[in-house]
Amino acid sequence: MATKKKTQPLKNKVESFFSKIVDDIPSDKLSSLIVIGIKTRGEHLGKRLVARISERKGKDVTFGTIDITLYRDDFENRKNWPQLGRTSIPNNVQGKNIILVDDVLYTGRTVRAAINSIMDYGRPASIKLAVLVDRGGRELPVQPDYLGISIKTLDDEMVNVYLEEVDGREEIEIIQKNGV
Amino acid sequence: MAFSKKHILGLGDLSAEEINIILDTAESMKEISTRNVKKVPTLKGKTVVNLFFEPSTRTRSSFEIAEKRLSADVLNFSVSQSSVVKGESLLDTARNFEAMGASIVVVRHGMSGAPFVLAREINASVINAGDGAHEHPSQALIDIFTIREKKGRIEGLNVLIVGDILNSRVARSNIFGLRKLGAKVRVVGPATIVPKYFSEMGAEIFYSLEHAIDNVDVVIMLRVQNERKTLEYFPSLREYSGLYGLTKEKLELAKKDTIVMHPGPINRGVELTSEIADDPHAVILEQVANGIAVRMAMIYLVALGESL
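Protein chains in written order, with the working numbering: chain X, 1 to 180; chain D, 1001 to 1308.
Don't read these hints as lab results, they were simulated from the structure. One or more hints might be untrue.
[Stated by the list, open to error] Per the computed footprint, the stretches of chain D lying under chain X, defined by three or more beta-carbons under 8 Å from a beta-carbon of chain X, are:
1. 1021-1028
2. 1036-1042
[Stated by the list, open to error] Here are the simulated lysine-lysine pairs, BS3-like style, with alpha carbons at most 27 Å apart:
3. X:79 with D:1151
4. D:1044 with X:79
5. D:1184 with D:1068
6. D:1044 with X:39
7. D:1151 with D:1180
8. X:79 with D:1046
9. X:79 with D:1005
10. D:1039 with X:79
11. X:79 with D:1255
12. D:1039 with X:39
13. X:4 with X:128
14. D:1196 with D:1184
15. D:1150 with D:1039
16. X:79 with D:1006
17. X:6 with X:177
18. D:1229 with D:1255
19. D:1184 with X:79
20. X:13 with X:39
21. D:1030 with X:47
22. D:1038 with X:39
23. X:177 with X:20
24. X:39 with D:1005
25. X:47 with X:59
26. D:1039 with X:128
27. X:128 with X:47
28. D:1030 with D:1250
29. D:1044 with D:1005
30. X:39 with D:1180
31. X:79 with D:1180
32. D:1038 with X:128
33. X:29 with X:128
34. X:39 with X:59
35. X:39 with D:1068
36. X:6 with X:29
Just so you know, these numbers come straight off a predicted model, no measurement behind them. We put the beta carbon where it would ideally sit given N, CA and C, even for glycine.
Modelling step: build the complete structure from the supplied sequences, incorporating the hints.
Next comes the structure, spelled out in structure tokens:
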């Protein structure tokens, strides 16, 4: 399979993405805020966001992680499902304001699964979606509330975000798969 | 993913890597039981049948809860109220449930090997919930999961299994699994029910509990199985519990942080004293709680495998 790869650096785009979110959070909402990162890259972005919030607002906010595998809608594709990871969401989401964080927004199906999963812990007051990269191609009516970068892609392209904590580098990679 | 088995029939035919995938998956499943809504939608619309040809309360209930937490539809079949009394064979019974749409069959049977026959003959995935004196993989996986949770590892641990080794499917499955993951296994009991051939499975054989318990990290007490005629192999229950029953004094000969396990149901005063059953060293009820997570992992993983 022939592949074409192009990369673009993330540089300060991650930080300006976080700034937009932190600016938008009213100080009186901090105690009811929960940041939830979607595994794997969203978890690391979420952790960074929590650190920025506590630096800028002087208050620690609750953090959780979510593995959406058990809520996927593609059972027929189950042979490609990843090893199940750990979900850790505080059980008191009732009435809380949640910011859901992920690296790439594509079809919207992951976000749908994450929302369903969160609802099993209680009824939050609100859920907002923060994604670093929107690559288009939505199949469900899902839009981000906070967005880092928007890029145009084709359906046969794959978009990967690499983060320092996991990959030792910070960049977006777009891979074109020919004939797939 | 590295787990591609359609059936889970025993630890004898799982690799160390496959066992570890089940344990890791169970660790993630455990969290579900702490939620407000203790259910995930993963197996919505799939049917699982629990075919129990031997009496069982805890194993069947535990499988049933596990199946329901994965949103599967559950059918229960137990022999006392079944067509088996009308002469239907195991295979015909299973095929009937398959015709009703069951895609996973959890089977317990008094004959060693029965689940293997089923796996060969039907299309559904088969999970062995205990076959004769052969294997009881879910119980051993629960034991190993609980040990790993308590001790942080399996490799290099000394694990002692006490009691009716000969008739115990729990012992066989545990020996297979623990050896594959690098633990050292000792077995102890009356010579009549601790056959020499267990050394070929990699277990070290003892006949004195006081000697065997020295320096062990884990003690697994086996149930005296009256229904499997354990009692015919030694003179009296009193003699058995005197020699092989676990007491506070004997446990003191093990390590300070030794954990005591039992697959249940426990016979207080026979395999262990009441004092031990309620001692903080005992993790018997934690085994029961972990049972749901481990069985969820088993069902989930075979569902990801071949069939459905």
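Here's how the hints hold up against the structure:
| no. | hint | in the structure |
| --- | --- | --- |
| 1 | 1021-1028 | holds (count 5) |
| 2 | 1036-1042 | holds (count 6) |
| 3 | X:79 with D:1151 | violated, 32 Å |
| 4 | D:1044 with X:79 | holds, 17 Å |
| 5 | D:1184 with D:1068 | violated, 36 Å |
| 6 | D:1044 with X:39 | holds, 23 Å |
| 7 | D:1151 with D:1180 | holds, 17 Å |
| 8 | X:79 with D:1046 | holds, 17 Å |
| 9 | X:79 with D:1005 | holds, 11 Å |
| 10 | D:1039 with X:79 | holds, 22 Å |
| 11 | X:79 with D:1255 | violated, 44 Å |
| 12 | D:1039 with X:39 | holds, 20 Å |
| 13 | X:4 with X:128 | violated, 34 Å |
| 14 | D:1196 with D:1184 | holds, 17 Å |
| 15 | D:1150 with D:1039 | holds, 26 Å |
| 16 | X:79 with D:1006 | holds, 12 Å |
| 17 | X:6 with X:177 | holds, 12 Å |
| 18 | D:1229 with D:1255 | violated, 33 Å |
| 19 | D:1184 with X:79 | violated, 35 Å |
| 20 | X:13 with X:39 | holds, 21 Å |
| 21 | D:1030 with X:47 | holds, 23 Å |
| 22 | D:1038 with X:39 | holds, 21 Å |
| 23 | X:177 with X:20 | violated, 34 Å |
| 24 | X:39 with D:1005 | holds, 26 Å |
| 25 | X:47 with X:59 | holds, 14 Å |
| 26 | D:1039 with X:128 | holds, 24 Å |
| 27 | X:128 with X:47 | holds, 16 Å |
| 28 | D:1030 with D:1250 | violated, 33 Å |
| 29 | D:1044 with D:1005 | holds, 21 Å |
| 30 | X:39 with D:1180 | violated, 31 Å |
| 31 | X:79 with D:1180 | holds, 26 Å |
| 32 | D:1038 with X:128 | holds, 24 Å |
| 33 | X:29 with X:128 | holds, 13 Å |
| 34 | X:39 with X:59 | holds, 24 Å |
| 35 | X:39 with D:1068 | holds, 25 Å |
| 36 | X:6 with X:29 | violated, 40 Å |
Checked against the numbered hints above, the structure breaks hints 3, 5, 11, 13, 18, 19, 23, 28, 30, 36 and satisfies the rest.
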